[in-house]
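For the record, the sequence lines run as chains A and B. So for the first sequence, numbering that gives the first Met the number 0 puts the first residue at 0; every next one is plus one. So for the second sequence, numbering that gives the first Met the number 0 puts the first residue at 0; every next one is plus one.
Keep in mind the hints are simulated off the structure, nothing from the lab. Check each hint, because a few of them may be wrong.
Now the stretches of chain A that chain B is said to cover, found in silico as 3 or more residues with beta-carbon under 8 Å [as the list claims (entries may be wrong)]:
hint	region
1	80-88
2	487-495
3	510-519
4	647-654
5	690-697
Virtual Cβ for every residue (Gly too), placed ideally from N, Cα, C.
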Amino acid sequence: MNNVNRPVRKKDAMQILMGKPVYTDDIAPSNCLVVKVLRSPHANAIIEDINTFVAEKVPGIEAIYTWKDIDQNSRRFTLAGQTYPEPSPYDRLILDRHVRFVGDVVAIVAGEDEKCVDKALKLIKVKYNVLEPVLDFRKSKDGEILVHPEENWESLCPVGADNKRNLCAHDVSGSGDVDAVLADCDIVFERTYHTKANQQAMMETFRTFCTIDTYGRLNVVSSTQIVFHCRRIISNALHIPKSMIRVTKPRIGGGFGAKQSSVSEIYPAFVTWMTKKPSKIVFTREESQIASSPRHEMEITVRLGAMKDGHIRAVDLYTLSNTGAYGEHGPTTVGLSGHKSIPLYGRVEAFRFGYDVVYTNVMSAGAYRGYGATQGLFAMESTVNELASMLKMDPIELREKNIVKEGDIMPAYYGEPNSSCALDRCLKRVKEMIDWDNKYPVRKISETKVRAVGMAMAMQGSGISGVDVGSATLKVNDDGFYTMRIAAADMGTGCDTILAQIAAEVLECSVDDITVLGADTDASPYDSGSYASSTTYVTGKAVEKCAIQLKEQICKLGAKLLGCDVDKAEFDGKCVTDIDSKKSIALGDIATASMAGNDIALEAAQSHTSKTSPPPFMVGAAEIEVDLQTGEVEVVDYAAAVDCGTPINPNLARVQAEGGILQGIGMALTEDITYDDKGRMAQNSFMQYKIPTRVDIGRIRVEFESSYEHNGPFGAKSIGEVVINTPLGAVADAVYNATGLRFRELPITPEKIAMGLLNKDRQ
Amino acid sequence: MNITLKLNGKKISRDIEPDMLLIDFVRAEGCLSVKRGCETANCGLCTVFLNEKPVLSCSVLAARANGQSVTTLEGVGREAEEFAEFVADQGAEQCGFCNPGFVMNAVALFRENPDPSVDEIKEYLAGNLCRCSGYEGQLRGILNFLEWKKGGAK
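Here chain A stands alone, though its shape is the one from the complex (with noise of 0.2 Å):
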């Protein structure tokens, strides 16, 4: 293959390195409106009054709006990102009456420059009437206070919500039964796990800004990564026709899941229509902390049933999944920590998965890269972990004798077939890579440190089975060059140049004959968006579709040209050629040919969707050295191995792993997320909420084990969401081989290892 499995260069690498301006907020013009948003300082209230008359006298302010200019009994509708009826319950208005949480929005104003609008907000006046909030999300079902008392809340999908108990989401599924074998089973034993809503913490902060077009259409600029949904959401709150809205996206800076929420559009869609005039939104670092979209909070409690032999035939998951105030991803997230975790034990007999999400009175949740199933990851493989060392057996080999294989049928995966699979590969290759059997479990270094290894195993989807739409169209334009129209998002992750790989590799030519567009509500096909690992699984086989069919009107036409039977034509990516007569004519006579006197377009539009979505497979091991005596863990090195399938882009792909595995450490060992007793949370900015840098990370290596996905692109599966997924565990474990403290919650600090080993001292 000339341009698949290519580690071709990003088609905006140089630009976007250079500095060049192509983010939202280079590209918004001067004379933008700046809207910038009053937030709650109490996380359940009612505002019993709003005085905004000395703030709009400050000179420079434009509009300053409330709750009152907004019909509280309208419809509500939600910020996530999802394919219509979305399962996130319609809870939102643009201003409520009723903050829900330390951050929640009081009002919007907008006025000429920010010096303006730091003043103004200053001066508005707000009477709150505070309520007592839900802040732990154990006590939130069922209980006395409500989240979302109101009438008008609306749940679209039976999801199992009820606002009157708090309830966002609620289901039991599972297979075969579970009670039965567990009381066959050698040893049953139950753990609880909890993680945090952790932050993605993407550099491009959440920004938009909005004008008003030629036609009067409010025209939204965004760093999404889903256009159409975020043209319904607009339409949602502003409760305007979607032919009003256009929305595009330029690069963005950043995403992992973030932006598969609306956190910043509506506030200048509202202004820029309210006013006419062209305004913008930049999230600060602190905003985007403490009011966005982050990693629902889980805790998840799993009961394993296996024998002394160590052959695991029961799992009974549950998870408790705190959406925060708003339902966003609430319903959906969930359903991940069951069904991404349980399936890669393919021995499983009988397995049991229950949830509620509850509302709570802190910041809402949302998309975070992994998207629930790096939650339940952390638990199963901790679990298995677990039993790994009640069994005295090398946790290597106790998967090895559990783990799901090529062709077997998935109960807990919706039943779907493992269409493709290298798990068994990817242990073997970790397990070299990281010369496990020498290191494992634990090696002293010095009188106060040891190093410790610890591995896991990871799964994902390749797209929402059924339900997500890829599309492309792809045209020849003079000289025989194309233009290819997507709607996937690229944020970072490539898919613009990987998406140019696979229709290259069919139009045989150039990455660099072929541009890109995208994304535009106006102009490109419709596709769900770039989020739930879809875009080269999906929108990379509508490609690959497209392409083949442009190809077959290149032929149309030229054996129109050539006066040949349009099945004696081939196009060899130069030119079409009669197989008869061996005549030939070039791409770019024919794209010129196309331009006058022509019928037939050059040109193809298609779509693609998936009924099955093939888990992507990772493992991960992390050598680490612990200080014994200030509990400071540095991972020294983590090796893993990943089968997506085909990687399209090795470089591409190699650095996504990399990436998400440092994030999924940040998850494990330094990102907390607190609040105080009134619901404010500590972790505000980047001072308290520590993501990793260069110095906190030894060395990184990824190798890939590739399976052959028959239904992919080219053999590709998705690698994006997969990669966060291994570091959570593995950690975990390594950090009891060094210390002989087992971790159940998230993130393991060094506080948390010192004071766990004093106190196992003082025993």
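Starting from the known structure of chain A, arrange chain B on it as the hints suggest.
The following block gives chain B in isolation, referenced to the frame of chain A:
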């Protein structure tokens, strides 16, 4: 207040508010490579040169640049580009938002220490956060660039 400074080699004179930050000043002058990733001097995205030394422009008043020379990535040119090519060849630029600050600080490193060890590289660039790459690809790009500088292959 009025300040006069050299921005990317060009002498300019401007009336500014005394509390204006250097990052907002250079962006207003069209140097849009300079990005803001935090407000707490943690991320390194806003790195510019003040008299050829890297500083965080979010933590420097524009007034401090009076009579000084300020360089942003727009003013570094080929020296930055020839390094950036090596990062591009790893696919390590990813979302790109942290790149300008990272490239600026890397250029400062190479000027100060043309033959740094891996530890020296990590130490010098510790203040340049990147959420996409896990830093490995950036490091490969740096090491390949240094190798090429020494006369190795590209």
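Structure-based check of all given hints:
1. For the region 80-88 of chain A, the stated coverage by chain B is not satisfied: 0 residues place a CB nearer than 8 Å to a CB of that chain, which falls below the threshold of 3.
2. Coverage of a stretch by a chain is defined here by at least three residues with a beta carbon nearer than 8 Å to that chain's beta carbons; for the region 487-495 of chain A and chain B the count is 4, and the condition holds.
3. Evaluation of the coverage hint for the region 510-519 of chain A: breached, as 0 residues show C-beta separations to chain B shorter than 8 Å, against a requirement of three.
4. As drawn, the region 647-654 of chain A meets chain B at 5 residues by the rule of a beta-carbon pair under 8 Å; at three or more, the given contact holds.
5. Judged by the Cβ-Cβ criterion of 8 Å, the region 690-697 of chain A is covered by chain B as claimed, because 5 of its residues qualify and three suffice.
Violated hints for the displayed structure, listed by number in ascending order: 1 and 3.
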